[in-house]
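Novice: Here is how the chains run, residue by residue.
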Amino acid sequence: EAGVVQSPRYKIIEKKQPVAFWCNPISGHNTLYWYLQNLGQGPELLIRYENEEAVDDSQLPKDRFSAERLKGVDSTLKIQPAELGDSAVYLCASSLGGSAETQYFGPGTRLLVL
Amino acid sequence: AQKITQTQPGMFVQEKEAVTLDCTYDTSDQSYGLFWYKQPSSGEMIFLIYQGSYDEQNATEGRYSLNFQKARKSANLVISASQLGDSAMYFCAMREGHNTDKLIFGTGTRLQVFP
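Sequences listed follow chains A and B, in order.
Per the working numbering, residue -12 is the first one in the first sequence, and the count goes up by one each step.
Per the working numbering, residue 76 is the first one in the second sequence, and the count goes up by one each step.
Calculated from the structure, these hints are not laboratory results.
Incorrect hints may have been included.
[Claimed, not checked] Calculated cross-link-like contacts (lysine-lysine; reagent style DSSO-like; alpha-carbon spacing at most 30 Å):
| id | chain 1 | residue 1 | chain 2 | residue 2 |
| --- | --- | --- | --- | --- |
| 1 | A | Lys49 | B | Lys78 |
| 2 | A | Lys58 | A | Lys(-2) |
| 3 | A | Lys(-2) | B | Lys177 |
| 4 | B | Lys145 | A | Lys65 |
| 5 | B | Lys177 | B | Lys91 |
| 6 | B | Lys148 | B | Lys177 |
| 7 | B | Lys177 | A | Lys58 |
| 8 | A | Lys49 | B | Lys177 |
| 9 | B | Lys145 | B | Lys177 |
| 10 | B | Lys91 | A | Lys65 |
| 11 | B | Lys91 | B | Lys148 |
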């Protein structure tokens, strides 16, 4: 069974440029998560989707970050414009949904903003 | 206050030996779940083991076991017979309450296994 797929794996951009990350969850997983992981820290939740609905986006900086999951499968996380402090790893995870289910993570996208 | 505390920034262990990675947590909920994830240099977070707050037995998964001490609010990960491939970052995480699947992570412990 294929795991969570993310692309690109690495991205280098200049500040003020836009950037987008893509995630394909495990087949059948209706819950999808985007996490931010700063260097030396554990991941922090940005947004959680149940199917196509964003059910928890309280930690998403909405002035520059946006996300979508139009058909309840793939998801895109966008930053516009990027700032130097956005340099981090962006992790996508998926689960079957429900509080007892394990979250499975993708390899992440490492973003460097110059 | 930190919800998940991992006090060991780094640990060393010799191959084939056992190692314990510490994790303490803070919650007032009676229902919660505790997870351990491994993050190798490739970046992917790999699920290792889960312990529910109502589970009476310590969780085990192959060479991984979770030493769950509820009264002390600790959930230490024990890796037996360490292998070179175990070298990675290890994160403890908690799901608080029974109506949420939001995970709160600790800052991680870097484990180095040497021959």
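Novice: Hint by hint, say whether it matches the structure.
Specialist: A quick look at each hint next to the structure:
Annotation: proposed proximity of Lys49 (chain A) to Lys78 (chain B) holds, straight-line Cα distance about 25 Å (limit 30 Å). Restraint check for Lys58 (chain A) and Lys(-2) (chain A): the C-alpha separation of about 25 Å stays at or below 30 Å, so the hint holds. Distance hint between Lys(-2) (chain A) and Lys177 (chain B) is fulfilled; the C-alpha atoms sit about 27 Å from each other, no more than 30 Å. For the given pair, Lys145 (chain B) sits about 41 Å from Lys65 (chain A) by alpha-carbon distance, which is inconsistent with the 30 Å threshold.
Under the criterion of a C-alpha separation no larger than 30 Å, the hint pairing Lys177 (chain B) with Lys91 (chain B) is inconsistent with the structure, at around 35 Å. Of the pairs offered as hints, the one joining Lys148 (chain B) and Lys177 (chain B) holds, with about 19 Å between alpha carbons and a cut-off of 30 Å not exceeded. The straight-line distance between the Cα atoms of Lys177 (chain B) and Lys58 (chain A) is roughly 23 Å, inside the 30 Å bound, and the hint therefore holds. Between the alpha carbons of Lys49 (chain A) and Lys177 (chain B) the distance comes to roughly 19 Å, so the proposed pair stays at or under 30 Å and holds.
The suggested pairing of Lys145 (chain B) with Lys177 (chain B) holds, with an alpha-carbon distance near 21 Å, which does not exceed 30 Å. Under the criterion of a C-alpha separation no larger than 30 Å, the hint pairing Lys91 (chain B) with Lys65 (chain A) is inconsistent with the structure, at around 44 Å. Taking the CA atoms of Lys91 (chain B) and Lys148 (chain B), the gap is about 28 Å. The hint holds against a cut of 30 Å.
In this structure, the earlier hints numbered 4, 5, 10 are contradicted, and the remaining ones agree with it.
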